[in-house]
Amino acid sequence: MALNPVQGGYPTTAAQITTRASLANVPTGTVEVPENTILTSLDAVVNWCRKNSLWPMPFATACCGIELMAVGASRFDIARFGAEVMRFSPRQCDLMIVAGRVAMKMLPVLQRIWLQMPEPKWCISMGACASTGGIFDTYAVVQGIDRFIPVDLYIPGCPPRPEQILRAVMDLQAKIQRGGGIAETGLPELADREQHVIELQQLGILPSARVERGDEDRFGYRLPGGKSLVGVTEVQ
Amino acid sequence: MTATAKPLDPHSATLTKLSERFGEGVLSTSIFRDNLRLFVPKSQLFSLLEFLKNECGFSFLSELGGVDYLGYPGWTRDRFQVHYVLRNLETNAFLVVKVGVTAAQATLPSVMPLWMGADWMEREVFDMYGIKFEGHPDLRRILMPDEFEAFPLRKDYPLRGRGERHNFPKLSRAQS
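Going down the list, the sequences are from chains A and B. Everything in the first sequence is counted per my numbering, starting at 1 for the first residue and increasing by one. Everything in the second sequence is counted per my numbering, starting at 1 for the first residue and increasing by one.
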């Protein structure tokens, strides 16, 4: 934890400060830490800011969305965790909550919205249907969104209780605090991303998200993986 | 009082008119509860619906749907049936017109000239069963994606599909 550095109260005397500074490998004698000052890393502060001001994108397609609304209301009050600013423009969001089953026809829209969200971004798959397809094991329903977009957290339940959603937000906050930094790519698993981008550029292929607009297909756009193969007879 | 067979038969006038216009033997009828059902050959379908709408007061197309009877026990008729549920808004009578469609020649005349409301219902029947409605101005899929090739409510289509839902591109962290 970044901003909870001192156990047993903040240092008050010069001796305490000196001791702590030496523990943190700060050269003593040259740096004097004033009163009411905390030493930490910039990444930790940035992560602390990010985790406490998540702006969710509610991708609510079914009854899980009702529970999601309950979380926003006063009894459960997701504002206690700093995530109350539901935005309906993906450009303003950094947390996508997929609440409900995703039909085959909806999946390109979901992927489109995910691409539109700026980094750093996270995704919660809420409920049995979004995570696994749930009871809808039919030709038209996607069996788990994690087959097609990255997911950080899964919430079980049909639908999950609001407390579970709050728990998921807290778990995600812990994950955000652990990972990433301003000079990096947002999450530890993104470490390979820069390399990937460089490789693509060397091959003369721009990263997909950058050519996303203007490359049109069925819904007025094309997804990075190429044309979908709907209708091609291929059993998994 | 007991001598009257059906004192409140709501369909007797309609049946009389129909037999006058189309003659005997063209239609077969059955009655379930108070709904009259007419089984019509495909060639007579449009003129019969037109007659029902204009002459018999069944001015409202309440529902248009399809059924696949593949594998139905004891079924000897055509594989598909399309039914038109008509409503007489003055007498509140329902009337169901059914027509059989074979898989080999799955076409029907569109009733869009009679009821504009048949537009999406015919598209849905086409989407789910592959029955083509000739004369429909815009017969596209309405529920499934445009490039979907199968007709998923046909009984020989597997419930879990043929892998269509697995074939989308995957977005990785690196790509997004």
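I should point out that these hints are in silico values taken from the structure, not numbers from a laboratory. Mixed in with the good hints, there may be bad ones.
What the hints assert, rightly or not - Pairwise CB distance ranges, derived in the manner of DEER restraints: (1) Arg-141/B / Ser-53/A: 39 to 45 Å; (2) Thr-107/B / Phe-76/A: 54 to 60 Å; (3) Ala-79/A / Trp-120/B: 40 to 46 Å; (4) Arg-140/B / Ala-62/A: 23 to 29 Å; (5) Ser-59/B / Phe-88/A: 41 to 47 Å; (6) Ser-89/A / Thr-107/B: 33 to 39 Å; (7) Glu-163/A / Thr-102/B: 36 to 42 Å; (8) Pro-73/B / Phe-88/A: 40 to 46 Å.
Said to hold, decoys possible - Just so you have them, the derived chain B footprint on chain A, three or more residues with Cβ under 8 Å: (9) 72-85; (10) 110-116; (11) 147-153; (12) 162-176.
What the hints assert, rightly or not - Once the Cα atoms are required to be at most 20 Å apart in a straight line, the calculated EDC-like pairs of lysine to aspartate or glutamate come out as: (13) Lys-105/A / Glu-63/B; (14) Lys-170/B / Asp-156/B; (15) Lys-132/B / Glu-24/B; (16) Lys-105/A / Asp-127/B; (17) Lys-170/B / Glu-35/A.
Predicted model only: the values in this text are computed from it and were never measured. The beta-carbon is built from N, C-alpha and C at its ideal position, and this holds for glycine as well.
Hint check results:
For the pair Arg-141/B and Ser-53/A, the supplied restraint of 39 to 45 Å holds, since their beta-carbon distance comes to about 43 Å. Separation of Thr-107/B from Phe-76/A is about 56 Å and conforms to the stated range, judged on CB atoms against 54 to 60 Å. Evaluation of the 40 to 46 Å hint for Ala-79/A and Trp-120/B yields a pass: the beta carbon distance comes to about 42 Å. The hinted range of 23 to 29 Å is satisfied by Arg-140/B and Ala-62/A, whose Cβ atoms lie roughly 26 Å apart.
Between Ser-59/B and Phe-88/A, the C-beta spacing of about 43 Å keeps the proposed range 41 to 47 Å intact. One distance hint, 33 to 39 Å for the beta-carbon pair Ser-89/A and Thr-107/B, is violated here, with the actual separation near 46 Å. Between Glu-163/A and Thr-102/B the beta carbons are some 57 Å apart, a value that contradicts the proposed interval 36 to 42 Å. At about 51 Å, the beta-carbon gap between Pro-73/B and Phe-88/A misses the expected band of 40 to 46 Å.
Interface restraint, the region 72-85 of chain A with chain B: violated (0 residues with C-beta to C-beta distance below 8 Å; minimum three). Counting residues of the region 110-116 of chain A whose C-beta lies closer than 8 Å to any C-beta of chain B gives 3; at least three are required, and the coverage claim holds. With 4 residues having a Cβ less than 8 Å from any Cβ of chain B, the region 147-153 of chain A passes the three-residue criterion, so the hint holds. Here's how the region 162-176 of chain A fares: 0 of its residues keep a CB closer than 8 Å to some CB of chain B, so the rule of at least three is not met and the hint is violated.
Proximity of Lys-105/A to Glu-63/B is assessed by CA-CA distance (about 25 Å); at most 20 Å being required, the pair is judged violated. As the CA atoms of Lys-170/B and Asp-156/B are separated by approximately 29 Å, the hinted pair breaks the 20 Å bound. Simply put, Lys-132/B and Glu-24/B have alpha-carbon atoms about 29 Å apart, too far for the 20 Å limit, and the pair is violated. Note on Lys-105/A and Asp-127/B: the hinted pairing holds, with a Cα-Cα distance of about 14 Å set against a maximum of 20 Å.
Using a Cα cut-off of 20 Å, the hinted pair Lys-170/B and Glu-35/A is violated, with the two alpha carbons roughly 52 Å apart.
Hints 6, 7, 8, 9, 12, 13, 14, 15 and 17, counting from the list given before, are not met by this structure.
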